[in-house]
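J.: Required output: the full structure, derived from the provided sequences and hints.
Quick mapping for you: the protein sequence lines, in order, are chains A and B.
All letters in the first sequence, in the order written, are residues 1 to 284 by my numbering.
All letters in the second sequence, in the order written, are residues 1001 to 1469 by my numbering.
Derived coverage of chain A by chain B (criterion: at least 3 residues anywhere in the stretch with Cβ under 8 Å from a Cβ of chain B; other residues may be distant): (1) 31 to 43; (2) 81 to 87; (3) 215 to 222; (4) 255 to 264.
Simulated from the structure, these hints should not be mistaken for laboratory data.
This structure is a prediction, so every number in the text was calculated from the model and none was measured.
All C-beta atoms, glycine included, are put in the ideal place defined by N, C-alpha and C.
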Amino acid sequence: MYPIVRKEILSASVKLFDLKAPLVAAKAKAGQFFILRSDEKGERIPLTIADFDREQGTITAIFQEIGAGTRLLGQLEAGDAVLDVVGPLGVPSEIERFDGPVVVVGGGVGIAPIYPIARALKEAGNRVVSIIGARNKELLFWEEKMAAVSDELIVCTDDGSYGRKGFVTDALKDFYEANKDLQRVWAIGPMPMMRAIANTTRPMGVHTIVSMNPLMMDGTGMCGACRVLVGGETKFACVDGPEFDGHLVDFDLALKRLTIYRDEEKRALAALEHHHEGGRCGCH
Amino acid sequence: MSLKEKIRQEMPCQDPQVRRANFDEVALGYTEEQAVKEAARCIQCKKPKCREGCPVEVLIPDFIKAVAERDFAGAAVKLKEKNALPAICGRVCPQESQCEEKCILGIKSEPVAIGRLERFVADWEMAQGASATEAAPAKGAKVAVIGAGPAGLTCAAELAKLGYAVTVFEALHTAGGVLMYGIPEFRLPKAIVDKEIANLRQLGVELQFNVVIGPSMTVEELMNEQGYAAVFLGTGAGLPNFMGIPGENLCGVFSANEFLTRTNLMKGFRFPEYGTPVKLGRKVAVLGAGNVAMDAARTAVRLGAEEVTIVYRRSDKEMPARAEEIEHAREEGVQFKLLTNPVEIIGDENGWVKAMKCLRYELGEPDASGRRKPVAIPGSEFVMDMDTVIVAIGTGPNPLATKSTAGLELNRRGNIVADEEGRTSIPGVFAGGDIVTGAATVILAMGAGKKAAQAIDAYITAKAAEAAN
Ligand SMILES: Cc1cc2nc3c(=O)[nH]c(=O)nc-3n(C[C@H](O)[C@H](O)[C@H](O)COP(=O)(O)OP(=O)(O)OC[C@H]3O[C@@H](n4cnc5c(N)ncnc54)[C@H](O)[C@@H]3O)c2cc1C
Ligand SMILES: Cc1cc2nc3c(=O)[nH]c(=O)nc-3n(C[C@H](O)[C@H](O)[C@H](O)COP(=O)(O)OP(=O)(O)OC[C@H]3O[C@@H](n4cnc5c(N)ncnc54)[C@H](O)[C@@H]3O)c2cc1C
Ligand code: SF4
Ligand code: SF4
Ligand code: FES
Ligand SMILES: [Mg+2]
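T.: Written as structure tokens, this is what we have:
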């Protein structure tokens, strides 16, 4: 069992857990993820390692409740435990020192996974410019944490309820206009956002890394559910990624593949809602 | 002698029409009367050919003799002298190409049903309750076993019996490897695997799940920092191959590993009570004709697919699956489209599979494997309507553990190079099972695990003697 040592509610649908998982905490690096299973009947849910504390042996996960799996997870409280945690998985981000500014872009819950990358880039001596965005103010989190590891922080909301009104792509374009020596971009968020960032940087010729979040199960290269097409080649995101060159990723295919189990996901959510708020009773 | 039956005893099975809709075991096992009758068919050869066909040289005539004499307990003792997991092997060994192929009775009539007798004895013994195995006095040395498949589990059990403190590190959340995530319940009930794992725990073996050797911990750390005197790598061949044809990333194309793992390990057949969904259309093609393909096809039948077709580029003689599984698949209504191979998977506007373009084949000259090579017939292209494609054309070695171990020699396919006893290029590091041989069989993996345990014992003993001098 892996205890939840701290829970924080970041917004109505976004929660944070600090999980005791010493083995994962000991090895975790920016860009990696882990997989958890809340209980015997639960799915294996991949989540990014948003932070880690090697001394305490804890890792931090931030997740959005979107379907049955994450909703059930969100019902757990500090002091509860999840049944399985495995990681760190995936290839760590390549962190090096660049001769010019680098930009990290985090959209929605993508702010969580972009944080350790920004920190690692900063620690490597880079000039780090962070752009974080969400639909509205309520959905923003970790602004201060991001500011602490950035030379400059730009905050955007789609509806203008906080920071700059507009999309992260607009903020990135403006930054590039003023800083043509932009070296590299990391973008993490919903796939349409990552695609939009990749499309924005393509004409600039700025190398852009995105973190793909396809369907995953084992996370060790055993099932192939996480296939993504990168530069015409099939890759397994869990072991070859999750980071890939955003200019080479086939986003259309990736977006379609996310919908494979949509009918079943709806059924699972309906079954969950049909039950009392306590969660699964297994009466089916 | 006149009492002897010419024909082997039939295996009682669930009716095909009934079992098409459930995940319960298909073959029900011999009754005592059947077992005794079948055992009486064995003529107790002085030079038993059957043993030559068995990779672990089970004392076949000896255990069968005991069955014929109704000494089932004695039969179990004989059987387990060479085979630690008879309940599993009796069910999944390809007997027709191993022990039974060599049985002398097979020349004139039917071979003795060695596998079925093996299963009978193992099940009989389990029904009597667990027999305590006595472990040797503690040796004071620790050994790490990576991977809890048949190779790793057998190696761990042997080492524990020799008195070593053994820890098994497994990437998944449960033990068993392919026995748990690949082979379905209707062929190998998971309760049997669980019993074997409980036995292992009784021997004092520690199981640590959710540890991926490589990213979570390295072999070097296990040996240099955590004090393991030796490491056994039994990480299997779990990396699914795809064909590299257009359309194979469409929605509705799954690897057999994904499909079977969702169903078996994650219990997707009980979705939504269990959270992991399984997706299946009405018309399902399974590519390949090995055990994995048969398991996928028969699982698809049970999940309610209307039409399930095995698509294979050679003929029925070359199909690598166990004969019994092919027969069972046919009885359950699985179709076989042989001498056929897909060249493209065609999608609809939403990115879902809708058809498969195939070529017909004929058999040409024998190839390196001795099987006649399939040759495409020019202009034979045709299209099959399909909404699900399950790819079961083999698996390769998973590189997570091997690539993180500096100095470990691999062959060009990525398999670990190891000698007969499991020794690798690194002293103290041993390997066996599918990670060495490529995808093979349960019994070969077990045999490799057992041999390696003996080699590990010899290695540690010699090192200790050296240190004492
Ligand atoms: C490497 C990686 C890192 C991730 N990191 C985070 C993170 O830090 N925070 C966060 O909120 N989310 C993260 N995700 C996405 C998260 O795993 C999914 O949102 C979650 O699994 C949905 O489960 P569900 O049962 O609640 O939703 P469902 O109702 O089952 O599905 C809703 C949608 O979620 C996606 N999804 C469903 N199952 C999976 C699965 N097994 N793997 C991936 N996506 C799935 C699909 O797009 C699906 O349509 C990450 C995914 C990957 C692959
Ligand atoms: C669907 C299917 C049906 C089959 N049917 C038959 C049959 O009827 N008869 C037969 O004889 N054979 C059959 N086989 C083949 C047989 O199952 C295998 O040959 C056998 O399981 C190999 O055993 P193994 O211990 O080498 O590897 P596996 O059983 O593959 O076990 C390897 C284990 O190592 C773990 N692992 C991998 N990498 C790591 C890592 N880095 N760190 C920690 N753990 C790791 C894996 O999760 C897995 O649990 C079948 C195979 C499949 C897939
Ligand atoms: S272990 Fe397999 S090959 Fe050996 S006797 Fe038993 S069934 Fe036959
Ligand atoms: S070869 Fe056949 S008949 Fe002879 S001992 Fe073996 S099982 Fe019995
Ligand atoms: S999640 Fe199974 S191979 Fe990547
Ligand atoms: Mg889900």
